[in-house]
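Chains as they are written, first to last, in this note's numbering: chain S, 155 to 547; chain E, 2 to 140.
It is possible that part of the hints are untrue.
[Said to hold, decoys possible] Here are some chain E residues pointing at chain S (derived, C-beta under 10 Å):
1) Asn37
2) Cys39
3) Val42
4) Ile74
5) Ser104
[To be verified] Derived pair list, reagent style EDC-like, types lysine to aspartate or glutamate, alpha-carbon separation capped at 16 Å:
6) E:Lys24 with E:Glu130
7) S:Lys273 with E:Glu130
8) E:Lys10 with S:Asp213
9) S:Lys273 with S:Asp213
10) E:Lys62 with E:Glu21
11) S:Lys334 with S:Asp516
[Unchecked claim] Which chain S residues face chain E? A few, computed with CB under 10 Å, are given here:
12) Glu277
13) Phe286
14) Tyr294
15) Ser301
16) Ala302
17) Ile306
18) Lys307
19) Arg308
20) His312
21) Leu354
22) Ile355
23) Tyr408
24) Glu411
25) Leu414
Note that these hints are calculated values from the structure, not bench results. Beta carbons: idealized from backbone N, C-alpha and C, even for Gly.
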Amino acid sequence: MSIKGKAAIVGYGETEFLKRNPGDRSNYTEYCRAAKLAIEDAGLTKDDIDGLISIYPLDEEPTWTEDLQEYLQLHPRFLDNVYRGGASGNAAILYGAAALAGGLCNNILIVAGSVMDPKRIYEFGLETGTAFERDFDSIYGPMFNNSAYAMIKRRYMHEFNATDDQFAHVVINARYHASKFPNALLKKQVTVDDVLDSRLICDPLHLFEIVMPCVGGCALVMTTAERAKDTKNSPVYLLGGGQQFDRGLWNPAYGYERSLTTSPVKLAAKYAFEMSGLGITDMDFVELYDCYTITVVISLEDIGWCEKGEGAAYVEETDLTYKGDMPLNTDGGQLGRGQPNPGIHLMHSIEAARQLMGRAGDLQVEGATFGLSNGNGGSMADQCTLIFGNEIP
Amino acid sequence: MSTEIEYTKPLPTIEPETEEYWKAAKRHELFLQRCNACGEVIHFPRVMCYRCLSEDLGWFKSTGIGSVYSFTIIHQVAHLGFESEVPYVYAIIDLDDGARMISNVVNIDPSAVEVGMRVQVTFDDVTPEISIPKFEPIS
Ligand SMILES: [Zn+2]
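Isolated chain E, as found in the complex:
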């Protein structure tokens, strides 16, 4: 018999414009939007391109590879759900595909994380519905 541990951290809400993103994440694929009018790569998902204001946006699967642009090691939490995680790495990742996103760098001692470190996406299956993209050093 397995005991399900309740997930106490914030969860995303699925909105019409973010549904594809979370469906892909469930399949362990990182999806980004690309504007069909101007080619801009867009993250987080939107209904409109912020560069040319076109609504003709499509999805593509990111390689999930990028670099740590910056990061912090969090020692004191705002949301109590993260208290058991400290210290943990909260970071800005610049994906090679041309998007910037917030994430966590995991599967590494926080003190070993560096700006510019190459990372790849990994998925944390936090509930039966939601898998959250995080990043780990490229193996």
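Okay, chain S solo, but in the shape it has when bound:
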């Protein structure tokens, strides 16, 4: 049995992203407002929601989903709390689809958000690492994901003779799309020089190659394929999903002689394609988790858009815009929009839904039928690849 085509996204909502909390935003404002927008967008009422998954904010307890259920007086018969780092959003969609396909609920709300101060995120990393991370990593002064991905990028550049100029094209594309996307924070377009002139945070990662944490909330509503026939929006079916977990969540020194430049995306994407029955050439666009430039380059290779080692040249030579050969991160992604970290990571799949519902406005990929979204967490440790379509092949 497969869950291919058994569930569909029928509504979504996002709050306005902000660089800083002006003081009147809280985890409750972000989760509740995004939830309301998504329920309304789906043409449903609160009482239609009988399933709830939230990705809890790092500054709350894992009991957050139940708190939210109580706060909104929801009465779900399916409830879960998902945390897989940046793969959380996609994992929640995959589990939500499985719950719908298995008859555990009919309409599921999936919601995530953050108002966390960027500085607090690093404090959080220092406080909450496991004992072995504190004892065998934190004593050496990591900058958590920044230093982990910097080492992945350094190793990649070493193995494949890739250059900083090439990586800059990921940022250029993100900012180009962000400049046209309403709810994006980094709308100023950049050049290769702008990226390379931005200050080094963890060499070889420059400031513009690193996501900017921000405030925001995202939610979506999924329903069964049968119910989706009658909904307000045209349904976006989940056609394939795959996950793979490997490596350490923070600590990238995982396993002797293990490659840092080939990631678990490879298997996650393989499983997703297998379930969908589709191939890479069927994809009309791709929404990749882009916490750093290097994440995009390695994900592209491991999903199969190009050979291992060719990703940096690929992003330099390919038209990645919404009207190009391989539209990538058509809303600007996190590098263009900001990252309401942690837990917000529904935005890539929401953009996939936006494209497949034909609601992407100026950034619409013409004739988009199938698209891929990838969620990535830890030091490329947690992966969840999803394939969506506005038809079931």
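For chain S, the structure is supplied; the task is to place chain E with the ligand on it using the hints.
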């Protein structure tokens, strides 16, 4: 009269499974675990072999020699204790003995560090109880 400077960076906690490691480090020896059942070399210390799930693990002294698998030069810190160190090298070291570990590469200009560089362990006596293994270019 000597003035003791307070160590403001994070320190390891000594757990039952890591005690031997830190005792050895105090003696300026880098200890690794080896699984007596399957031979796997293990770092960081554990109670169970991740390869064969045996709990029959022993210790051996590493040569402390290895190569830089990758590294970053950190310019902006997460923990304020490291602020006076920037820029400093945070690295993954592949030990010739068959283990991978996070460490710092020290006693070298950060801009001279390279992937593949051969390094040897050196110990930083940070408190009377704790010595932290770091790496320096092989002299
Ligand atoms: Zn063993």
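Satisfaction of the S:Leu414 interface hint, Cβ to chain E closer than 10 Å
6 Å, holds
S:Lys273 paired with S:Asp213 [C-alpha distance capped at 16 Å]:
12 Å, holds
So, S:Tyr294 near chain E? Judge it on the closest CB pair being under 10 Å.
Holds. Min distance 5 Å.
Does the nearest C-beta of chain S fall within a distance shorter than 10 Å of the C-beta of E:Cys39?
Since chain S brings no Cβ nearer than about 14 Å to E:Cys39, farther than 10 Å, the hint is violated.
When the least beta-carbon distance from S:Leu354 to chain E is tested against 10 Å, hint result:
The hint holds - S:Leu354 has a Cβ within 10 Å of chain E, the shortest such distance being about 5 Å.
Checking one constraint from the list: CA of E:Lys24 to CA of E:Glu130, max 16 Å. Satisfied?
Holds: E:Lys24 and E:Glu130 sit about 9 Å apart, inside 16 Å.
Do the numbers back the hint for S:Ala302, that is, is its least Cβ distance to chain E under 10 Å?
9 Å, holds
Closest C-beta approach of S:Ile355 to chain E relative to 10 Å, hint status:
This interface hint holds because 5 Å falls under the 10 Å limit.
Tell me if S:Tyr408 is really an interface residue toward chain E, meaning its C-beta lies closer than 10 Å to one of theirs.
7 Å, holds
Between E:Lys10 and S:Asp213, is the straight-line Cα distance small enough, at 16 Å or below?
Distance ~23 Å between E:Lys10 and S:Asp213 Cα, so the pair is violated.
Pairwise hint evaluation, S:Asp516 against S:Lys334, where the allowed Cα distance is 16 Å at most
Holds, at roughly 7 Å.
Closest C-beta approach of S:Glu277 to chain E relative to 10 Å, hint status:
8 Å, holds
In summary, the numbered hints that this structure violates are 1, 2, 7, 8.
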